[in-house]
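**Q** What follows is the residue order along each chain.
Protein chains: 2
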Amino acid sequence: MSFAATATDQIAQRRAPRLGSREADFLAAVTRLQKLTAADLEAVNGEILSRMQSPVRMIPELAGHLIKAGGKRLRPMLTLASANLLNYQGNDHVKLAASVELIHGATLLHDDVVDGSALRRGASTANIIWGNKESVLVGDFIFARAFELMVEAKDLRVLHALSHASGIIAQGEVLQLTTQKNLSATFETYLEVVEAKTAALFAAATEVGGLISGRNPQEEAAIRNFGLNFGIAYQLIDDALDYAGFEATLGKTVGDDFREGKMTAPVVFAVARARDDEKSFWRRAIANGDIKENDFEKACSLMERDSAIEDTILCARRYADKALEALAVLPDNTFSSALGDLVTTSTARAS
Amino acid sequence: MSFAATATDQIAQRRAPRLGSREADFLAAVTRLQKLTAADLEAVNGEILSRMQSPVRMIPELAGHLIKAGGKRLRPMLTLASANLLNYQGNDHVKLAASVELIHGATLLHDDVVDGSALRRGASTANIIWGNKESVLVGDFIFARAFELMVEAKDLRVLHALSHASGIIAQGEVLQLTTQKNLSATFETYLEVVEAKTAALFAAATEVGGLISGRNPQEEAAIRNFGLNFGIAYQLIDDALDYAGFEATLGKTVGDDFREGKMTAPVVFAVARARDDEKSFWRRAIANGDIKENDFEKACSLMERDSAIEDTILCARRYADKALEALAVLPDNTFSSALGDLVTTSTARAS
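So the sequences go chain by chain: Z and G. Taking the working numbering, the leading residue of the first sequence gets 1, the next gets one more, and so forth. Taking the working numbering, the leading residue of the second sequence gets 1, the next gets one more, and so forth.
Looking at chain Z on its own, in the form it has when it is part of the complex (with noise of 0.2 Å):
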């Protein structure tokens, strides 16, 4: 855990979690990328729309309960504001910001399944409304309809790339799974799984972004660099945020992670931490699944006092600047300023 020895001697620098009080500057900055991509996300919210229709009333129902649920479309828009970052001409972005959110939607279908959630974006989940068996199903119907839209691209790197982290993602999917109530996961490990299940596709949504704007290999380089690095900047901070959110402002169940006994970077830094006779309630809570009342707030507590959230901040800051400094090698205009504002206030949020 060669993070957390480096972290330790930054102890001084810190203060505690102001929980989510800058939540408000990250959805502005989400905003002025949504005016900015507003025509584009426009044609893929109808692109979306139109690729769910079947004759099989179930799957639109089901699918536009999903969408219509929303959230901030944030892997669509990495897509087109990648392309119009760099110039690109063509009108492909929609097809492929649209597949990309597709299979972002497909995997959220599944991984609510596969969690037990019953909340996603303060809405009921799909599997609770229509069943286990109904969003497995349709999440196939998805992700079939995704790599239909991105064949219509007709370019095959493109195609490699979006399929290649498909493969990446469920592969991260099975790991988080095998590391779920394993107290003795490491950062390591908790670092894979980010990578793969969420950084892999917001490292493809870019790379595509890239791919169809005929630049040079450096540019190319930089730009799916730029979404790797904000992937996993994003999902530590969304981690962070599970045990130091407020669930008005998230619009999301704060400690279902803590419930469901994943090993995410608070957990893995503070059962690290943890004296001997705290080990036992990490090992009833996480590893048996044993919680009683005010356990998750015990959780919170002996993570702040182990500077285990803003250990998990730390880091993210880290993977964060790396993504600044790939934005840095590309041209400088209104996309990559609105791209670099999205990282900087989406590591703020739990700050």
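FYI, nobody ran anything at the bench for these hints, they're computed from the structure.
BS3-like, lysine-lysine: derived pairs with alpha carbons at most 25 Å apart:
#1 Lys72/G to Lys322/G
#2 Lys181/G to Lys279/G
#3 Lys181/Z to Lys279/Z
#4 Lys133/Z to Lys133/G
#5 Lys68/G to Lys133/G
#6 Lys298/Z to Lys181/Z
#7 Lys279/Z to Lys298/Z
#8 Lys133/G to Lys181/Z
#9 Lys181/G to Lys292/G
#10 Lys292/Z to Lys279/Z
#11 Lys133/Z to Lys181/G
#12 Lys154/G to Lys154/Z
Starting from the known structure of chain Z, fit chain G onto it as the hints suggest.
**A** Quick look at chain G alone, frame taken from chain Z:
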């Protein structure tokens, strides 16, 4: 239900099903095709195994179990035989055949989760050994790898065919789920399910063999139609055998469809022909899923009395004939002869 009406006219030609007595002929036809494509099929198996490798140990374990359970490799053989029939000279047919089998494998994993199946090809299913969550996620991994593999063949028409088929399959699975336990499901709806969940992949398997072979549009259409119609016939027979087969011969559990309340052709026919006092039996067993001892035997005897199995078989023969007609347009060689045998013996399985 136009078919059922026509079929009733043929009542004089009927005889009681001999319960899979010709299974050996079918297996001999499979073996003949396996021998004809032996070298390619070995390469396909190698490709499949190598694509299932992953540092996340559960993935090759679970996928390996699925692959070892094996099955007949019918779908990849269709791709290999179609390409060979059309004198294809390259090597992409191996990648595509492997990709087709991986799509099939991913579908099986998710099917077994959705159906809660415990047994496949005489072995415990992955969802029983590893769990539902694991099967869902490894299924996603296999599906993604199938796409990655087909992209390597660098043929956009092939990519369209296979990605489109994948969406159709998922759509068919959802349709099947929504018609389950629904006694008013029609024969037309049943056929839609069959075309989507089974025949679409058979069709794509033979189609891609044609697409890479550089033949004329008539031959491309014929090889696709061969797969499509064979797929429908094959599934009809499979559904007949679920009521009329021997467990030991088939290596699968007979009666699964009945227990799951699936509205397959034998049930659709039997329900349509049931006397008023028998309707309540079907309602209880299929719609309510309240199955008592000897209900399966009662269902089988009602089907026999009302020729529900025989009409299913007659219907299968019509599609088999269409498959043979499609084959007649294509070159006459050992591959077309072996494929013809396969179709003929597969429809005779349940006669």
